[in-house]
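Residue 5 is where the sequence shown starts when you use the working numbering, and the numbers rise one by one after that.
I should point out that these hints are in silico values taken from the structure, not numbers from a laboratory. Where a beta carbon is used, it is the ideal one built from N, C-alpha and C, also for glycine. Don't take every hint at face value.
[Stated by the list, open to error] The following label-pair restraints were derived from C-beta to C-beta distances:
| hint | residue 1 | residue 2 | range |
| --- | --- | --- | --- |
| 1 | Gly220 | Ile658 | 37 to 43 Å |
| 2 | Glu577 | Thr149 | 39 to 45 Å |
| 3 | Lys420 | Arg501 | 14 to 20 Å |
| 4 | Glu388 | Tyr284 | 53 to 59 Å |
| 5 | Asn622 | Thr227 | 45 to 51 Å |
| 6 | Glu278 | Pro31 | 58 to 64 Å |
| 7 | Gly133 | Lys299 | 42 to 48 Å |
| 8 | Ile658 | Thr513 | 42 to 48 Å |
| 9 | Lys299 | Lys420 | 27 to 33 Å |
| 10 | Arg501 | Pro357 | 52 to 58 Å |
| 11 | Asp8 | Glu577 | 23 to 29 Å |
| 12 | Arg402 | Thr227 | 20 to 26 Å |
| 13 | Asn279 | Thr363 | 56 to 62 Å |
[Unchecked claim] Pairs of lysine-lysine residues, derived as DSSO-like cross-links and limited to a Cα-Cα distance of at most 30 Å, are as follows:
| hint | residue 1 | residue 2 |
| --- | --- | --- |
| 14 | Lys212 | Lys162 |
| 15 | Lys639 | Lys7 |
| 16 | Lys362 | Lys345 |
| 17 | Lys416 | Lys115 |
| 18 | Lys409 | Lys476 |
| 19 | Lys476 | Lys416 |
| 20 | Lys302 | Lys115 |
| 21 | Lys153 | Lys134 |
| 22 | Lys420 | Lys302 |
| 23 | Lys119 | Lys7 |
| 24 | Lys27 | Lys115 |
| 25 | Lys312 | Lys344 |
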Amino acid sequence: MIKDIMAANESVAPNSREMDILKEYFPSCFHSDGSFDLTRFQEFLNDKVAVAHEGYELKFLGKNYARLLASIDTTTVIVPDEEHNSKPENAQSKNIYISGDNLDGLKHLLKSYPKNVKCIYIDPPYNTGKDDFAYNDRFDFSIETLSEKLSISEEDAKRIMDLTKRGSSSHSAWLLFMYPRLLLARDLLDSDGVILVSIDDNEQANLKLILDDVFGEENLVGTIIWKNATDNNPTNVAVEHEYIMVYARNKSALEPIWKSNVSAVKDLLIEIGENLSNTYPDESEFHAAWDKWYKEHKDQLSPLDRYKYIDRGGVYTGSQSVHNPGKEGYRYDIIHPITKKPCVQPLMGYRFPEATMKTLIDEGRVIFGSDENKIIELKVYAKEYMDKLSSVYELDGRLGSYDMKALFPEAKQLFKNPKPVQLLQRLMSFVLEDDDIFVDFFSGSGTSAEAALRTIVQGKSISFIQVQIEEKTKIGSEARELGYATIDALGIERIVRAAAKIRMQFPETIADLGFRHYTLVEPSGTTLDKLEEFSPDDAGMYVTNTILEDFGVPTVLATWLVRDGYGFTAPVEAIDFAGYTGYYMGKHLYLINQDLSNEAITAITEKYETDGAFNPENVVLFGYSFKWTEMESLKTNLARLRDTEKNLRINYDIRY
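Using the sequences and the accompanying hints, generate a full structural model.
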């Protein structure tokens with residue numbers, strides 16, 4: 005496990021990930037000594053790709069170091085929150101919350117979810133000088149080791165180490181921080197997956213370059229300008245916006261999905277309109293029932309919360325599309341039905357001829373104001389709603405704080421500048437479909453998780469994965485005073501409260517509103533010393549070592565399940581083998597506990613022979629738990645299965 009990973013990391017180079025990809029798809033371009041034949045590779049590209057010898061690329065101090073960080077494996081283990089995960093609302097949930105460094109989290113996720121995520125949204129540090137961003141690296145490379153691995157001078161190696169060890173907030177430090185995370189994020193995305201990244205002017209230009217470098221500039225989907233504020237005290241330019249940059253894994257795969265996406269709320273409004281119309285024949289009762297329903301559900305109706313009227317045709321809103329855009333239109337009088345006076349005309353006149361307008365009035369499609377002084381509007385029904393993801397979106401940024409206040413009424417400000425739930429819901433409505441996975445590895449206050457829960461309860465069976473480092477809240481802050489020692493603790497509580505509120509609003513829902521919680525933990529120095537000192541040749545160590553106690557069976561099992569591609573929510577089966585518990589999942593049988601008796605070995609062998617549904621191809625042992633005699637006996641018995649009717653060839657895997 006950890007010892008194996010540490011040994012493998014010794015030989016990792018900055019380009020290890022890229023070389024693995026080349027070996028997978030172009031094996032004939034490698035010689036027997038492992039060298040790469042560039043001429044042969046170019047022959048593969050001829051006639052299909054124009055090979056350029058000049059190019060424009062992003063360069064910054066530490067770029068190869070960032071690639072190295074993306075290539076080396078994580079030595080953290082996955083510790084399940086057993087108390088939380090055993091609760092009824094969480095036990096079967098597909099949603100995941102991971103407390104830990106997102107660089108480690110992404111590496112674990114890539115073992116089980118490669119090319120399996122539909123949408124990633126992140127709100128990383130903006131590096132404003134006020135957001136406490138400072139790069140601090142926990143990797144303990146010496147200057148000499150780094151110089152050798154990156155093939156650079158010791159002077160350059162020292163400059164990189166200075167960036168990573170002294171809490172730098174320079175542009176290079178920010179790029180070094182972001183680059184490996186984006187490299188890993190790209191590999192999570194499905195072929196039609198997208199990543200959306202919030203940013204402001206401080207690093208927007210650098211973010212664009214980094215995303216072009218990682219995803220390819222041809223996969224830029226667009227940049228959303230989010231107008232989120234009004235600056236009443238501008239110095240030079242009134243800054244009233246942020247950016248959301250959108251890139252695709254493969255932009256050409258997006259067309260069928262993004263061309264004409266309709267909000268998930270639309271079906272809900274159509275359904276409630278039909279139900280109320282059928283239930284209440286009396287007009288006053290009909291409208292009273294609608295008013296009550298709308299007030300109770302308004303905060304779940306974004307982006308259709310302006311559809312606040314109803315008639316027998318359905319739920320509708322008013323539209324000023326009677327105006328003629330850009331030039332002089334038609335001029336005629338429309339008489340107000342109550343005051344009997346002509347209504348005020350739009351500035352440029354009406355866009356429809358008088359005959360068309362008369363038909364619309366006769367059909368009840370025109371909305372009049374309380375008197376003639378309001379310009380008429382047209383009814384637009386929810387069933388007619390078609391949306392587009394515009395490059396400019398206006399939404400008050402203060403709504404994010406209001407969202408938090410609604411869940412934490414006891415607090416004034418627990419989190420600085422959280423994103424509004426409505427913003428994330430809108431983005432999700434365009435990107436996510438049933439069974440899609442959504443990931444946010446800068447989870448922060450948990451806005452995207454709440455948005456995902458509201459998307460789920462509205463009928464989309466998506467699942468979310470959140471990652472948040474256990475960053476300490478500031479001493480003396482309101483969050484700390486209320487008992488939230490870390491940001492992830494606050495985020496977890498927010499998701500719990502948001503789910504409780506949604507259940508109150510939708511008491512009949514059976515939607516998945518729970519989540520399973522895991523923490524990524526780096527083994528302690530004491531445990532690492534035990535791993536180094538352990539000798540599999542010393543039979544006595546198998547009985548006396550306490551390595552399994554240091555980790556715990558749930559941690560070893562969870563870490564292995566993710567490593568072997570089963571994910572965080574695998575329905576693993578515990579099987580009793582003559583008093584010894586093994587764990588069965590898919591193609592793997594995991595043996596972790598100590599004291600594997602002869603009776604247990606016999607029971608395992610018999611299970612293979614007699615149970616037609618039991619065919620794990622791999623038997624995995626936690627090497628620290630077993631005596632040499634136990635492992636040899638099991639290996640011998642499993643080898644005999646080749647001569648049975650099943651003709652099984654079992655892979656025998658001892659992990660350290």
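Cross-check of the supplied hints:
| no. | hint | result |
| --- | --- | --- |
| 1 | Gly220 <-> Ile658: 37 to 43 Å | 42 Å, holds |
| 2 | Glu577 <-> Thr149: 39 to 45 Å | 44 Å, holds |
| 3 | Lys420 <-> Arg501: 14 to 20 Å | 19 Å, holds |
| 4 | Glu388 <-> Tyr284: 53 to 59 Å | 23 Å, violated |
| 5 | Asn622 <-> Thr227: 45 to 51 Å | 46 Å, holds |
| 6 | Glu278 <-> Pro31: 58 to 64 Å | 60 Å, holds |
| 7 | Gly133 <-> Lys299: 42 to 48 Å | 43 Å, holds |
| 8 | Ile658 <-> Thr513: 42 to 48 Å | 47 Å, holds |
| 9 | Lys299 <-> Lys420: 27 to 33 Å | 31 Å, holds |
| 10 | Arg501 <-> Pro357: 52 to 58 Å | 55 Å, holds |
| 11 | Asp8 <-> Glu577: 23 to 29 Å | 25 Å, holds |
| 12 | Arg402 <-> Thr227: 20 to 26 Å | 23 Å, holds |
| 13 | Asn279 <-> Thr363: 56 to 62 Å | 29 Å, violated |
| 14 | Lys212 <-> Lys162 | 28 Å, holds |
| 15 | Lys639 <-> Lys7 | 22 Å, holds |
| 16 | Lys362 <-> Lys345 | 16 Å, holds |
| 17 | Lys416 <-> Lys115 | 41 Å, violated |
| 18 | Lys409 <-> Lys476 | 21 Å, holds |
| 19 | Lys476 <-> Lys416 | 19 Å, holds |
| 20 | Lys302 <-> Lys115 | 40 Å, violated |
| 21 | Lys153 <-> Lys134 | 35 Å, violated |
| 22 | Lys420 <-> Lys302 | 25 Å, holds |
| 23 | Lys119 <-> Lys7 | 28 Å, holds |
| 24 | Lys27 <-> Lys115 | 19 Å, holds |
| 25 | Lys312 <-> Lys344 | 27 Å, holds |
In this structure, the earlier hints numbered 4, 13, 17, 20 and 21 are contradicted, and the remaining ones agree with it.
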